[in-house]
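Visitor: Sequences listed follow chains C and W, in order. Going by our numbering, the first residue of the first sequence is number 1, and it counts up by one from there. Going by our numbering, the first residue of the second sequence is number 1001, and it counts up by one from there.
Pairs of lysine-lysine, DSS-like flavour, derived with a Cα cap of 27 Å:
1. Lys407/C - Lys1046/W
2. Lys328/C - Lys344/C
3. Lys352/C - Lys1133/W
Over the 12 Å line for every Cβ pair with chain W, so calculated as not near, a few chain C residues:
4. Lys54
5. Lys100
6. His102
7. Val283
8. Ala470
Honestly, the hints are just simulated from the structure, not real lab data. Remember, it's a predicted structure, so these values are computed and weren't measured experimentally. Virtual Cβ for every residue (Gly too), placed ideally from N, Cα, C.
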Amino acid sequence: MWFRLDISGTLLTTDTCNAAQKVRRLLVEDIPDGAFEMDCMNHLRNVWIGNMEKELTKSLNQLLRVSLDEIDPRLRVSTSCSALFRAGWKEFCLNANYAKGHGALFGSFMKEKHPGALLLHVERASGSRQDLCTEGALPFYMNYEYYLEFLDHMLRKKIKDDKASILQLNLFVALSSEEMIALIRLLSIIHLSIVVPFRWLAGKTHELADHNWGPVSMGHVLDTLDKKLQEIQQDPKLILDETFMMSMFDEYRQKLPPFDDYWELLYKKRLMSVVARHTGARVAYLAQVRKELFHPTRQTDKDTTDQVIALGEIAVGRLLTELHNPKKATHRYLSSSNSPVCWKNVSDDVKKLLYGRKATNDEAESALGSATHEIQKAGRIDIPNAAAVSDVRRNRIFHRSTSDKEKDGMFHCFEDVLQECIMRVGMKDAPNTRVTNNEQLEEQLKVKQKKMELAKEKNMESATESYIDALYYIAMYGSDKCARDLKTVEEILKRLPSDAQRYVFLKENITIYVKGFGWDEYKHAWSKNGRSIQ
Amino acid sequence: MVKLEQEKRKEAQDQLIRMSKETVKLQNMIAKYEALLKDTTSDKAKIMKKEFDVGRGGSRRWPVWVVQFVCELLVCGTLPRTIRNNLVIMYRTMYDKETSIEVLSLSFIRECRTIVQVVGETVTAIKLGQAEKWDQLWTDATSRRQISFQTLIIGMLGDDDIVDPFVVSSRYLGYSTHY
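One chain only, chain W, in its complex shape:
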């Protein structure tokens, strides 16, 4: 009899432990879903609004994520005049929320191409700095709109022993025979 009671108690205890583990799992899951829900609703949603520039008095500028977004769209081949609407559509679709009254100006979007130029040159410099050897160089020049420009490409041998080209720059030619 005693043995039977002991076995029953042990079973009840095991059951209790199992249930408490399940409860913890469930609570974790709820917490996770709550966090996800918060991410997609309001708390962590990025604010599409100009922010004050630190140390520059009252001047305001677009946050970095907006500029990066514009730059990525430009590089993807999106036309500048369509970016403003694309951004608003995506923002409203993803966050289900209105954007601020301010919208990106077309001239700002066009100017972002220069930011692409600086970012491109910076990343290229990092890539070339990391390279141990430049295996091949290509160069060529042409003229467009009666202006000469040239390109320089540097190739580095990859792991597969095939040269991997990286465009270093395509810039105006200071002096040229292509006039």
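Next comes chain C alone, as it looks inside the complex:
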């Protein structure tokens, strides 16, 4: 029996890059009965957080410029917290996968010196981690005193000809800075109060249809976030107010019981074992982190309070800039933008229609990640082959059930004859498919080559134009239009009757040196925003 395929009301989800948005737009235009498009909420969040981190790094760089200049550049110390977390993962990760790290030694140091301590696992920093800058902050905030003690212990060792590890020196310098601790504390607060709830709501949207929740509802969450951030901007001290920060999304805890359950799980039920305590003691570690963040007991943490507020103001300012920038994807989901896709302008029917759909692009990211894993595992495998193996696995086509609860994959649900038929088709078509794969690759490489040639031609054109310009200005150097010493310049400037003529004279003479001789250091902007500067 054949059905007419219905693709009206389909939701198209991509990340926020320009190419993906263009593909999405073209697809939506091609769907006759109307489709909906949406950006991945995880990507949106990571974009604001990433830019917030850059802003904080920039501010700290300005603040600590003198101190940073005094540090040996070989140690590569920077105020970027992502760089710090990557270095920390290399040095302290208990998996000890980094050859120059000391994770195994650190593990035994903790067991010996601090049995019973709560040691949070350092966040994985290998590969690309967009949310690393906030997620990685929690273990650093809780463990930094152990890290410093261990680094001190290691750096005091003096073995003949044994140079101190640059990685350890880098971490020691960075972690002994109060400003960096303030930054880590701020990022930890942002992680627990904004990132964790927003990530859960985005990731679980498709499971919340029974609670009248769908992808469009994320626009409502953005409105709430916007409102709360504006309140913090008015009163930056709120960043250290536990009640305010941890209840930013409380209205959704009341509306969505699973979200409330998750909150309970995080702070009451999710436990973690302490170091080397044979009694098997387990603690609700996030509750402890939360307590330490808002009501610190360590003197260093207490001393960071003013800096956290100052940095918090910068962070919130940047987050608001990101949310309200009309050129950025998030802006159109805010009700203040009054766009057709914002929460207040989407009709109830459309909201209901999209229940059960996902608000993130995790599926596509995961498929690409799985294909990448296959490529890494198999070495010189063709990309379509690697992708096919991973896709068939993800689609569970060949899956064989191992218990009554599971179902066999789609292939095994066919009759034996059909299974054999499909396999024979595969065997027969494989050589042609290989040819097609190679042709597609060739085609892509040709396009790439063509693009490079076009770019080269364009460069040549501009290079030729520059060459002609240079010849012209060199010829001018030989004429009486060029003033070759200061005295001549002064004489000519006195002689010329108007400012406009003096301006033209100076511009020409400077251009002779810049364009004729390529002295770019004397380059001068002659106009700004299309208007000449005089």
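Chain W: place on chain C using the hints.
Guide: What follows is chain W alone, placed relative to chain C:
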């Protein structure tokens, strides 16, 4: 007296019927076990040997079950270089019998990935053809080994009203901005 004899005869007849039923049951059971025994010994054991390709002169190829087996192992994540030995180990363990002198070549096993690709696309086409509605589409692109490729995933709402994703393809990008 007569009544007593009649009752005894009836009892003997019942006994006989019961015994004959038991005998039939026993015979069925023996037949069943014999069949099972035959399955696991030689008669129905799959032959791991290349077979002649019908209508292709003298060319020979591996039977479909071997190719399917290789494809399933590849999808499970088994490395191609280990599949040949795995297959021989399993065959000998299950059938207690030697495989043929011919063994799968490594290049053939690697080429089976293309068969996986065709089978995957065929089954995906069947799945998408059966779907009444495509509820959500995801797409993304990336580049690996300086080559761009993109993925398209189509989700269909399941009985539990949660969207069930199905990867349609991950292929080379003909033209791309990911250079």
